[in-house]
Structure formats: structure tokens, C-alpha cells
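Asks: Each chain, letter by letter, is given below.
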Amino acid sequence: MVHLIAVFPFLAFVINILFGRRLRGASAWISIAASIGSFLLSVAAFQGLRSGQGSYNLGTWLTIHGVPLNFGVLVDPLSVMMLLVVTIVATLIKIYSVGYMRGDSRYSRYFAYISLFTASMLGLILSDNFVMLYIFWEGVGLCSYLLIAFWFERPAAARAGLKAFLTTRIGDTGFLIGIFLLFFATKNLHFDHLGAAIASAGPQEGLLIAAAILIFLGAIGKSAQFPLHVWLPDAMEGPTAVSALIHAATMVAAGVYLVARCYVLFMAYPVCLQVVAVIGAISALMAASIATVNNDIKRILAYSTISQLGLMMLGLGVGGYTAGTFHLMTHAFFKALLFLCAGSVIHALHTQDIRKMGGLLPHMKVTGWTLIIGMLAIAGVPPFSGFWSKDEILVQAWSGHPVLFGCAVLTSLLTAFYMSRLVFLVLFGKPRSEFHAHESPRTMSIPLMILAVLAVFSGFLGSPFLHHAFQKFIFFSPEHGGEGGEAHPLNYSIMLLSALISLAGIGLAYVLYIRQNKILPEGLRRMFTPLYKLLLNKYYIDEIYEAVIVKPCLAVCRWLSGFDCFVIDGLVNAAARFFQFLSLAVRPVQTGLIQNYVLIQVMGVVVLIVVLFFGIAGFSRVG
Amino acid sequence: MIPLVFFVTISLFLFCVGIFGVLSRRNVVGALMSIELILNAANINLVAFNRYLGPSDGLGQIFALFVVAISAAESVVGLVMVITIYRNAKTIFLDKFNLMKG
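Protein chains in written order, with this note's numbering: chain F, 559 to 1181; chain L, 3 to 104.
Hints listed in this document are in silico derivations from the structure and should not be mistaken for laboratory results.
Keep in mind the model is a prediction, meaning the values are calculated, not measured.
A virtual CB, placed ideally from N, CA and C, is assigned to each residue, including glycine.
Misleading hints may appear alongside valid ones.
Reference excerpt, derived from the structure (chain F facing chain L, CB under 8 Å, subset only) [stated by the list, open to error]:
#, residue
1, S609
2, Q1153
3, V1156
4, L1157
5, V1160
6, M1161
Chain F extracted, bound-state conformation (with noise of 0.2 Å):
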């Protein structure tokens, strides 16, 4: 039953892509009609477990060398878990796009997508082998560049879902590659026997570490890590409700799930978890410290994006396996909730510069208290769902990693400041631009009140006050050394300190932004401007790799299409001019007259008639 998960929606995106036009408005409720069968599957998946059904297998696909690579269904916590999530936040997003979608033009396409994007998310996280997952891992990446660029009208838009598509491709050829060297070494695919073969493995030690790290490299182009996190930025080009789903709560989480889904093979190799965690902190600080210099509100948030999975890459880094997992879930809700506020202002203002809002709060009510709510958890001020998860990650990271637990303090100070000067800007204060805002329509707020209220308690599930229930629940098998679902002794001074943080971000925000009152502090942005313009100009990476590898690529693509132009096609044009030279002499004989064609047969007939009657030249008679 469990695999019918995945297939409801992939039967809403054949039915939305072959009678969309005749649909229109039906196309949506048939996508969310098979998003809430998935979730309504998925909790049956849920207490299936509870009750011991686990895995199983549909069939066999290949046998490789006596191999067999099957179409399995994975079911375990962590898959259920997300399961959960992905059906839970994709329906609560596609009601919300009824309303924020309305009018397009392109409006079934739309869900058809969005459906089909569902659907291979679902499979990818159903996968119970290597193979399969790297299918729907491609699904997922299509359907992003597919959304990103929806509105390919716009060149901008266009440029941008090439781009994501492009960057995510080095990630991705590292993860095949990655699975290739895996096979090569162990002669398994499946995740559930991955840690049995990487013990017989046996001294193939060296490849086994490369293809940890490629397949690392598949999660950090998918999850938007540095060096590869340059196309998320740009994915915003996307319609909102996308940037919620898609490029927020639920795929850019699929490299962080799939780190999660094969953590045996990094927890075996030290040296390849100290590579996720020095990522997961690189990313964490560089896209925080860029988010609070940003004036766009979907670019903050993404940047946002960046930075919090690569909280949860560094929680997964330092042994957090529970840490990294609970944080996404927490995360996917409460980000999703921040996006989809951004698309009811954007609804409202159609603007995106957080410079022309200002004093939104008394005219978008659900909007801004949601979105205040949704700020509140990912700055991790208690007892809002990012501070359990938050404080999960930091007390891991304490044991025995000072530099990484810095890197998470400082991320989260950088993180409750720039999102608090996101939300005083947008709703308080005066207005500082002509607008006309109003409430979004009932179809989007519904959906940001649920998540507010899933951003506010889904903490508590990994809160002492309900017993630390997904500690139980996930964890990392103790058989290959995780810890077994104990949860940890509550470490007071290390959640005081996470609340006190957030705090001291929310606080200097609030000096800084409502104080003073201004967009920008201009003492303070005078006394630090090369920092201020390194952050504005995101670091100079994109310039970085427009000189280093877009500029010699376009180089040697002109120097080949020049080799193509005048070598192949000269020698071609030279065989073809050659030919017309030699047909000189015989062209006149087709004079194009369809007279003369017939006089020639008719002489043809009588000279054939002669031949057949005297014979050739008349020597001797034929027949």
C-alpha cells in the first residue's frame, strides 16, 4: 500500500498534463485531492510501523553480477517522518497556490508540476536503494528547474532555472559517480545492508571515503551547500508557493535526507562527517552573514534556507544524526510558513524590496502575525519549534567541536538579527512606499495559519514535555555506534544560552530598525563598508565563477563552434560545391518543360520498340 503514496500524485500530474486545458480550475483540486491520499497513506505508513510492518519489495529491476537491485519500498522512521512532512506541507502549499496561482495562464501546467514534483519527492524518499533514489533525485531536480523557470517570459526567470539546473548537475554527476564507486567497493545498493558491507568492504578503505564524499557532493549541490549553493538565490525567480515547497521545505531537505539515509558510510569514516560538518558551518555562517545586508525579501529567506540546512548539515556532522533530521522537520514547516507569508505580501505589494514596505501589520492580520510567529522559530526564541531543534544541534555540536559549536552560536545570532529586521521592516514602522495592501484571499491564509500553528508545537515532539518523543523515534541504530534513541540530559546552560541569543539578535534588530527607524543604519554601514559590500555582493562568488569556469567555457565554446563553422561545414560545403562543378555540363538537359520530359520518353518507347522488332543496330533478331 505504502508505494500508493508516491503514485496519487503522479496520476494528478498525467491527468493535469493530458486534459489540463479542459480542466482549469478542477486541475488544482485534483492535485490536492492526491497529496492529502498521500498524506492520509502516509499516516497509515505511520502506524504500520508502530505496529511492524516495515519494508518490502515490488519486484526485481536488474540483476548486476548476481546483484539483485529491486523496486523496493523503505519504510523506517525516517522516511515515515518525512513522508509526513512532504505530504503534510505539499498540500497545505498547493491549497495555498489556488489563491496565489489564480489567473496565470499556465495555471493546470502549473499543478501538473507541482504534482509531478510531489510525486518523485515521495518516491525518492520511498527508495530503498541507491538507484532508485538517484531516479527520483533527477525527478525532483527537473521538476525544480521546470518550476523555477514557470515563467519563462521573463528572461531573468529563464537564466535562473538553467543556472539551478546546471549547478545541481555537478552535484549530481558526483552522486552517480559516488554510487558507481560504492557498487564498485561493496556490491550492494541497498540501504539496509549498507552497513554490513561496508564492515565485509574490507580494506578498500580509500574508495570508500571518495565515494562518501561524491555522493556528499550530490547532497551539497541539491541542498544548496557552499560551493554549489549559487543557484538557490536565483531559484526565487520562481512563483512563491515553488520557493516554498520546493526550494524551502521539502527538496533542498533531500540532501540533507540523504546524508541522514546513508550515515553508516560517513559514520564509518570520521574524516568524511568532519567534511559535512566544515560545509554545513561554511554554508551556515557565509549565507547568514549575507542575509542580513539583503533587500529582497525571497532572496533573504533563501539565503536563510541555505544557512539553516547548513545547520542541519553541520548538526549531522558532529554525530547529531537525530539533531540534523529533527531540525528539518521542524525547519520545513517553519520555513515553508515564512515563504508563503513573503507570497501574500508580494501578493499584496508586488514588490519584493523590503525597502518600499513598512507598517504592514494593522492591514495584512493573518499575514504578519503568522509571519511574526514563523520569525519567532527560526530565530529560536522558546518554546517555538526551531529553539528544541536549534538546541538539539548546539548541544551536539559542544561535545568536543568548540569551533563548530562557535559557528552555530554565531549563525544563530546572525539569523534571530536578520530575521527580525525582515519582519520590522516589512510590517512596522511607517509605510515607505504608495501601496495599497490587503488580506490575501481565505485559500492562502488557511494554509499559513496551519503552518504556524505546526511551527509553533511540532518542537515539542523532541521537547521533554512530550517525553522526547522523535528522539525514540529516530535515531541512529547503536549497532554502528549511534547513540539509541537515549535522549540526551537536558543541558540548561546551553538552552539559556540558545534562548539568550536569540534574543540579543531580535534585540539589536529592534534597536537598530525600530529605534532608529531607518532602512539602514548609515553610521554603521560608513564604519564597516568593505564588509557591507562583501556581503551586498554575496562574496563575490558568482563574479568568482563567471571569470573562473563560465568565461573559459564560453571561450572554448566559441573557439569549437568557430572549428564547426569553418572546418566541418567547409568540408561539407567543399564536397557540395565540387559536386555542382561536375553537374555543369548535364544541367541543361532538364529543361523543367514537362513536354520535352514526354518527347524524350516517347523517343525512348519508339527506340526500344526498334530495338525489340531489328534488334541493335540491326545485326540479329531479339526473341
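Starting from the structure of chain F, add chain L where the hints point.
Replies: Leaving out everything else, chain L in the frame of chain F:
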């Protein structure tokens, strides 16, 4: 009974008229009509030879019927082409068309 040679002579005469028409008419419609003459010359031959050389079966007559049917179809196609050409070029003189000139 009329000797076979009479039929063959008639048929030969019709065939020659047809060939002459195809080769000499400037008008496409005239050329098409001449082609019909050629086909009918062949029909006469078929029927006559059938009668004189193999009287038991009607093979030649059936063949002639087929030729009639096919020539009807051929004239339809031909006339359609004439109309199309006329619409495009405002003329139906064959010597005005040398699109296939090499």
C-alpha cells in the same frame, strides 16, 4: 467478323493522336485530355486482344475496366493540380512552367 487488324489500327491512330496532343498542346487541360486518348487506345487493344486471342476469360475486359477507373482518378488529381497551378500562377500554359529546371 471484323479482323483484329482493324481494331489495332484504330487503337494505333488514337494513340498517335494522344501522343501528338500531349507533346503539342500548350493548354494543360488539352494535355490531360490527350492522355485520356492514350489510355483509351490501350483499352481498345486490351478488349480486342482478349476477344481474339483468349475468348474464354474476361481478363482483358476487367483490365480495361481498371484502366477506366484509374484514369478517372488520375484526371481528378490532374485537374486539382491544374486548379492549384492556376491559382498560383494565373496561367495554365505548360510552357510557362519550368520550376524543375536544373
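Asks: Which earlier hints turn out false for this structure, listed by number in ascending order?
Replies: 1 and 6
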